[in-house]
Every structure is written in C-alpha cells, then in structure tokens.
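Asks: What follows is the residue order along each chain.
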Amino acid sequence: MATTKSKQLNEWDTLHRNGPFPLKVLFQTKLEGERVMPNKIDRYNDAAREIQRLIKAAHQSGEGFRAYGSAWSMSNIASQKDRMHFNGFMNISMPIHASECHQDSTYDSTNLFLFECGNTIKEISETLAENGKSLKTSGASNGQTIAGCISTGVHGAGLDIGSVQDYVVGLNLITGPNLDDIVYVEPASKPALNDNFIATLNSKVIRDDELFYAALVGLGSFGFIHGVVIEAENVFLIKRYVKKIKKSVAFELANTMDFNNSSFKIQGETDAQGNGNRPFHYKIFINQYSDESDCVVEAMYKKPYTNHYLDPFPIIKESLYRDLIHLFVKLAENFPKSIPWLVKRLRKTILPAVNEETTGMLKEIFWDAPYQGPAFACSFGIDHKDSEKVMQLLGKLTRDEGPIPGIFALRFVKQTKATLGFTKFPITCMIEIDGVLWKKTRKIMSLEEYSRRMIEVLKANSIPFTIHWGKNSDWKFPDLVTHMFGDKAERWKTQRKQLLSNDMQKLFSNKFLRTVGLD
Amino acid sequence: MKHIKFFLITITLCLLTSCYTVRLRSENGAPQPDPFSDRDDYYRGMEVVEIDTVINMKLTSKDFTFLIKESDVCASGKLNMVEYRNTFGGVLLSAITFGRKRKMKIKYVCEKP
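Here the protein sequences line up with chains A and B, keeping their order.
When we follow my numbering, the leftmost residue of the first sequence carries the number 1, and every step to the right adds one.
When we follow my numbering, the leftmost residue of the second sequence carries the number 520, and every step to the right adds one.
Only chain A is shown next, with the shape it has when bound in the complex:
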C-alpha cells in the first residue's frame, strides 16, 4: 500500500518565499515499494486509491484539498488553507505501446509516455533520453513537476513549439473519493489511448475537446492530476548563442518574427541564400536602467543529435553569497536610487556571457537552477507585435515609479489551445521582470502596488494581455480574468462544473481561484 505521512502546520511557503500562506496539514504520499508491488500499473492504481482515501477524509471534515509539486509558483495558486498534498514521490513513468493506442491515433506510439504527477521535468527528460527521446520544450529550468507545469502554463521560448501543456495528449484525473471518480480525458479530435488500456488505470474514458482544453491549464482545480500522457520527440541537440545586438534589431525581430530578412545573422545559422534561419528559441534581455543602444539576446537552433559535442556544463558552478543578495535587498529597500547601479554591478551574474556558445540536449541547456533565496517575477503575455511598445511602457513605469530590483526579459511562445493558457496570442511574447524580493518601505512601493501599476499601464494603453498564473501579480485587480480571457473564463468554469460535483468543486478550490473569480 502507498503510505502517507502528515504534518500539522500553521503556514506553508513557496520555494522562493512568496508567502507564507496559511495551512493546517501537509501530506506526502510514498508509493508502495517495487519489491512488494513490482507491476507499475498496480503501484499506480494503488497510489490512486490512497489519494482517494485522502480526498474522502478531507471531504468528511468539510475541508479543502490541493496537490502541489515543487512549489515553484510565486503566486498563491498552489496554496490551500486546509490540506495540501506534496506529489513529488509519485513518479512512476511508463512508455505507451502500440497495442495501447487508439485505432484512430495519429501519434507515433514510440513518442507517447505516461508520467505520474510528481515526475519533475528533469526526471522526465532523463527517462526520455534513455529511450532516445526528448521533451519538445521546457521552462528555463527543470525542477517543476509535470502536473505543476501544465496547471500553471509553464513555457520556454519555443517560437514554433508552445508551452509544456501543448504536448500533453491526455490527462488522468481523480475527481472524487468514489470508485468511478477517476477519469481519463483526451480530445475527441485527437485520441491517443484505447479503452482497454484506460480500463487498466481504473478510469472512465472521456473524449471531449472542450473539457480537455479547459482541464489542460486547470489551475489545480480540475481534480487531482494523477497522470499525464505526453508526446515526446526524437532526442535532438540545441546550439545556443548569446549575442549583443542593437536594440532596434532585437525588437524588429520581436515585432516581425521575420528572421529570414533580418540583419541579425549568425555564422553557420543561415540558409543557402545567406539569410538567417528561424531559431528554435529567441530571448531578449533588457536592463531598463541602461540607455545603451545594444542589448543581449539568446538564440538557439535545433540540430540533429550526435554523440560528438562539447560538454555544455562547466566543471565548477559558483553562486553568490546569500549575504550579498540580502545586502542588495536592504540597499534596494532603503536607497532605491541605488538599484540601477546595483543591477549594473551584478550584470555578469544576471546576464549570460556575451558570445557564449554551447551545444547540448534540451535537458542539458535548461538544467538545474540552484535556490538563490527569496525572488519575485511578474510576467505578462502580449501579442509579439506589441513587444517593443510594452517594453517601453513597462520600462518607463519601472524607472519613473520604481526603481524595482529586477530586470526584464522577453521570450516568444507559440499559441496554446488550452482555454485559460496565457500564451493565447498567435505568437505570445512573455515579458517578464524578475529579481530579488523586497519589502515595501517609505521609499519603494510594494510588489503588489507595482504589479497593479503594470496592469493599469497596459489597460490605459489598450494593450491586450494575460498574466502568468504562477507569477506575482495583483490578482485581485477587478475583472482581471474576464479582461484577459473574455468568454473563455465562463467556458472554463462550465467545464469544471460538468466534471466535478458541487462538493468536489469546493474541495478542489482555493483562495486564488476565489480571488480571480473562477470558483
């Protein structure tokens, strides 16, 4: 039997100390050992029964229940004041065989894998690499669990790939305490698994596009995500370049995404006519306190896999003294005018080294991010054509009403089909400021006030936008979700109501959901 340990607490916090948030009990479930229960599907189903037992106990106590993974979200989206469940030890993985695929499946079965919720991106990438496969994209690092990634819409900078949720082909959800409260949801328009295999997971099959795309970025509120079926691809290499180029060129690319006709060219990354190739990944770093005409950009190009490439890892990785970061924060809080100077001093730590070239697999390029202490990040999704304008607006706000201890970066991501996916534009520019977490003083506004001003500035300039669900914002800003998603918010709520009973809607809800009006 899977076993659960619990701990009575008063509060819980995210990895980056964005809380604390109130909590009564924290649970963690460990799978039955392989020696006792060697069959993976048996262990998977055994864990499902244990989760249902916990759901039942929470329900009987009239309390809420919420799963979380690595606690990387900076908003309170993962928090639940009653009962929270740490999923990290639920990390079974299974390849899907051709005999388990639906007769109408258009997938290459060798690319399909079922991962239990607590598998981190790093674990998944390693499992896939053992099978000659790779994830299509990931976030900038690898510590998030797969369930956490898709629930909040984690993205990288895949211009033509999308976000993590965009390669999910099916979801195994536990929607309540009863035997028939386990469902496997996949789109009717693109089925992947056959009914016989789904029956081995003790799950009912639901093939429905509207439900699947609503549950895909489900904000942790479409039940307990137990398993995720993803589509991988053959392992590949990425060649990463860091260049310093004119801001005007960087933003022309951001606005047009036309790499073919740009003056931005990298030797070896051009076509037969000498025009620039379209990169796999494009990212612009902007220090809003610098009036330099140049900026740093990161471009990555996909290459076929070969064993022969230079090790992309350094031998030694150093990290800043935490006391130095603490000093930075204290200086920022008490002498905000020193922030631009401090940012400039720390640029070598914050920005990648110019002219750096590395080659590696996706899992090597987007490797571990060591914990560096309390941090914040505010991240907006906008149409890529608005990139330059929004950078000017938010840069001006940050200089004039700040300064704020962070710098901006812009990444570009293909449109998602998820109903509440914040990468909703044909190519979404995710413009983000991240840095060290500070406390409001007489001289510097709070993070919430800063976040509110960012929303106000975008609204005042009629810029359509979304906000990353897992990042800091003024989430109680009036009608925020309706403004961002229009009628999609109601469609999402309708699907949630159809999937979950009234009691379970309440059980799987939290303060975040109520704040944004999605409960």
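Do not take every clue at face value.
[What the hints assert, rightly or not] Here are the computed distance ranges between Cβ atoms for each label pair:
1) A:ASN260 - B:ASP559: 47 to 53 Å
2) B:ASP559 - A:THR110: 39 to 45 Å
3) A:GLU449 - B:ARG604: 40 to 46 Å
4) B:HIS522 - A:ASP311: 49 to 55 Å
5) B:LEU586 - A:GLU34: 20 to 26 Å
[As the list claims (entries may be wrong)] Far from chain A, some chain B residues (derived; all Cβ distances over 10 Å):
6) THR540
7) TYR561
8) ILE570
9) PRO632
[What the hints assert, rightly or not] 27 Å max Cα-Cα, derived DSSO-like pairs, lysine-lysine:
10) B:LYS588 - A:LYS30
11) A:LYS317 - B:LYS577
12) B:LYS588 - A:LYS5
13) A:LYS317 - B:LYS524
14) B:LYS524 - A:LYS5
15) A:LYS443 - A:LYS417
16) A:LYS337 - A:LYS396
17) A:LYS302 - A:LYS396
Don't read these hints as lab results, they were simulated from the structure.
Glycine residues also receive a C-beta, built at the ideal position from the N, C-alpha and C atoms.
Position chain B against the provided structure of chain A, taking the given hints into account.
Replies: Just chain B now, with coordinates in the frame of chain A:
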C-alpha cells in the same frame, strides 16, 4: 605583546582559511525532496542527512569507507549530492592522533527514489 598579537592573528587566519566546504553534485538525477523541511539554504526542500562525528581508525587501517544505507532519508540508497567541511580542528585532531581520529563533517542528499 607584539609577539602575542602576531601569534593571535596567525592563529585566527589559520582558523578562518582552513575552514571551508566543498560540494559535489551529480549532473543527472534529482535530489530526494523533503516537503516537511524548513531549511532556507542551498538545500531548501531537500532531504539532507548531516553527519558530524569522529571516526576512530585501527592502527592497521589506511582509510575508511562510510556506507550510505537505504533508509527513509535515503530511499534510493544512491547519492545525488555530498558536501564535506574541512576544519582546522579536524586537521589538528588527525595530526596529533597520527591519523587515528578523523573528523567527519558531511551533508549528503540521496537520489529521489
């Protein structure tokens, strides 16, 4: 007086410079998590095993091997990270006991099972 000051400064410098940590981390694999931990250092959220002991060696033994056991705090029985701390006191202890007593101050995190 001058000599005492010089002696104290030398000892202080020795103590400060001889006390350092070295961390080894596996490129692959994930560290075993510990959601109940409230650490706020490099190991935030990880299940860390800390050992601070003195190993007594036999006269005939050249070295020793400390075995990492499979347990609740090391469910895989495999290592992901090791940090050892070298101290002036540890070096001194080993020197004056001719290597028979060896100070062992380490932290390790196992692979996630």
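Asks: It remains to establish, for every hint, whether it holds in the given structure.
Replies: Each hint, compared with the structure:
no. : hint                            : in the structure
1   : A:ASN260 - B:ASP559: 47 to 53 Å : holds (49 Å)
2   : B:ASP559 - A:THR110: 39 to 45 Å : holds (43 Å)
3   : A:GLU449 - B:ARG604: 40 to 46 Å : holds (43 Å)
4   : B:HIS522 - A:ASP311: 49 to 55 Å : holds (52 Å)
5   : B:LEU586 - A:GLU34: 20 to 26 Å  : holds (22 Å)
6   : THR540                          : holds (12 Å)
7   : TYR561                          : violated (6 Å)
8   : ILE570                          : holds (22 Å)
9   : PRO632                          : violated (7 Å)
10  : B:LYS588 - A:LYS30              : holds (19 Å)
11  : A:LYS317 - B:LYS577             : violated (38 Å)
12  : B:LYS588 - A:LYS5               : holds (21 Å)
13  : A:LYS317 - B:LYS524             : violated (38 Å)
14  : B:LYS524 - A:LYS5               : violated (56 Å)
15  : A:LYS443 - A:LYS417             : violated (43 Å)
16  : A:LYS337 - A:LYS396             : holds (15 Å)
17  : A:LYS302 - A:LYS396             : violated (35 Å)
Of the hints listed earlier, those the structure fails to meet are numbers 7, 9, 11, 13, 14, 15, 17, in rising order.
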